[in-house]
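Novice: Sequence:
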Amino acid sequence: MASPAAPAQTPGDHTASRSTSHEAEHPHTLRREPTREEKTAEAYAEGHDADIPSSMGYVLDERGEEKRRRSIAHQRRASTARKSTASDTAGADVEKGSPKTTDGEGAGGESSEDENVVWWDGPDDPENPYNWPSWRKVMTCTLISAMTFVTPLASSIFAPGVPELMKEFKSNSPYLASFVVSVYVLGFAAGPLLCAPLSEIYGRTIVYHVCNVAFICFNVGAALSPTLNALIVFRFFAGVFGSCPITNGGGSIADMIRQEKRGAAMSVFSIGPLLGPIVGPVAGGFLSESAGWRWVFWLLVIVSGVLSIVMVIFLKETYAAVILERKVKRLRTETGNPLLRSKLDVGLSSADYFKKGIIRPLKMIAFSPITQIFGLYIAVVYGYLYLMFTSITSVFMLQYGFSAGTAGLAFLGLGVGSMIGVVFFSITSDKYMKKKAAEADAAADAAGTAREGMKPEYRLVSLPAGAFFLPAGLFIYGWTAEYEIHWIVPILGTAVIGVGNLVIFMALQLYLVDAFTVYAASALAANAVVRSVAGAVLPLAGLKMYEDLGVGWGNSVLGFIAAAMVPVPFLIIKYGEYLRKRYDLKDL
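Letter by letter, the sequence shown follows residues 1 to 588 in full-length UniProt numbering.
Hints are computed from structural coordinates only; laboratory data are not their basis. Incorrect hints may have been included.
[To be verified] Computed list of lysine-lysine pairs in DSS-like fashion (alpha-carbon distance at most 25 Å, straight line):
no., residue 1, residue 2
1, K327, K137
2, K455, K261
3, K316, K329
4, K434, K581
5, K316, K343
6, K343, K327
7, K355, K343
8, K356, K581
9, K544, K574
10, K544, K167
11, K436, K455
12, K137, K167
The structure displayed is predicted, hence computed values, not measured ones.
Full structure from sequences and hints, please.
Specialist: Right, here's the structure in full:
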């Protein structure tokens, strides 16, 4: 009897198999960084495309894979039962004593299963977001980045109006005054666990639209709030739905732009979550002073409403798995073939996607050392940022006699510092990555082998500088404000804080994307949960700390904690590769 033909190997299978056999013999040996071809081969075997990080789908466990195979086998049996009797009783090859093969199986051709797999129509398929014209990519990135700027801006835009708000609701609790600002960020902790899996089930675009509408509705509720408790509830849910562009925006950019060209787009996209909360109080201070705090929320409704309408008109779906699934449905209707399926379909139900989307980030927080270390670090940084948002207004009003509108201008220091941080990070990171790429090319040419993949640790070259800037800025800001030195000096101190904050944030975010590849969305969601909880909780204790210790020693406490974390970047640069490969997430 003729044996079935072995499946054809994809590019990189030979090198991948050698690497796998070596790892089997030495399970605890530190692996070298896999090449692009090896990553592609591994991803192909796992059922997703390595070149589309946001479209990879989920890697199935044994039970999930068995479930998928049974489903395919059931569909094939149903198809066989519908075949004509003549095909079912096809004659045997008398000389070889074996039945004739059908559908090319056993003859070196593609199996019927392969023929039913739907993929792009060649490398230049216009439906593939990678092949979209540049103007569409720029427009899509601009719209998403704009919404990513607006929703974080809502977190702090009414911070200068909090004193007026507290008077209106007849409350003098400093904790409620802080919480009404930071509860929005608590919504940012819950939102990613909801938005990320929904985008993988229904696509990015529809989730953007639904969340934008909900964001607008809850801001309308905030503007009309009859009580302080109602305002807090509306703020929380506005944060939940406002987290959508932050959660899914990076994936949308990765859907369209290849890794080697993704840095600039990701840098622009990442400005929003940091610059939005900084610009917010500048506009909110004057608006709340002239028109009242409720008009701050009406401004958010107007801006996000206009932007949402533009997104409905111009935004196209970028998520490859959903685009291909729509193509499958269209082809099933056109051909009448019910067995067609997407290459990215791994057989998970919507419930499976949703469950994995929630559980995996939590497992990463619990079991991945890299995620834990970076989560703690960015939680401190993000918590400090929101502590600044809740304290700067009171510090400059009490220490320097600023009005609510003028106090909003004090946030410009953080904004300017963040912009300097973007420029600094982009220049140093890109220069270092190009240098390492040239070295890798030269080494590969000399050895006559494929170029080794770029290590995610290369993204951390700027991190030590950011680690030094952060405590330095805290000390400058704290003690110059304590002794009421000219107001420009503490604002310059906040600018130094902004530089350190942005550099740390960008380095850690890009590292997680490069380090966790197929799990990047889960890693970013885990990171967002940890930092958002810190951003919501730390400001509650911050004002009390300033009240008890003063601005100087209060900021010094924060500075000493940040200084104690300065060694972290150096340790991660040295041992990060070992931790990343030793605690592989496939083992979880």
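Novice: Given the hinted pair K544 and K574, is their alpha-carbon gap at most 25 Å?
Specialist: violated, 38 Å
Novice: Starting from K355, check that the Cα of K343 is at most 25 Å away, please.
Specialist: holds, 22 Å
Novice: Take a quick look at whether K137 and K167 sit within 25 Å of each other, Cα to Cα.
Specialist: Judged against 25 Å, a Cα distance of about 47 Å means the pair is violated.
Novice: Please verify whether K434 and K581 have alpha carbons no more than 25 Å apart.
Specialist: holds, 24 Å
Novice: Does K581 sit within 25 Å of K356, going by the straight-line distance between their CA atoms?
Specialist: Status holds; Cα separation ~22 Å.
Novice: Between the alpha carbons of K343 and K327, is the straight-line distance 25 Å or under?
Specialist: Holds, at roughly 11 Å.
Novice: Between the alpha carbons of K316 and K343, is the straight-line distance 25 Å or under?
Specialist: holds, 21 Å
Novice: For the pair supplied as a hint, K316 and K329, confirm whether the alpha-carbon distance does not exceed 25 Å.
Specialist: holds, 18 Å
Novice: Run the distance test for K455 versus K261: straight-line Cα separation, threshold 25 Å.
Specialist: Given that 25 Å is the threshold and the Cα spacing comes to 16 Å, the pair holds.
Novice: Just to be careful, I want the Cα atoms of K544 and K167 compared with a cutoff of 25 Å; is the pair within it?
Specialist: holds, 19 Å
Novice: Would you mind confirming whether the straight-line C-alpha gap from K436 to K455 stays at or under 25 Å?
Specialist: Given pair K436, K455 holds - Cα atoms ~9 Å apart, limit 25 Å.
Novice: Does K327 pair with K137 here, judged by a C-alpha cut-off of 25 Å?
Specialist: holds, 21 Å
Checked against the numbered hints above, the structure violates hints 9 and 12; every other hint is satisfied.
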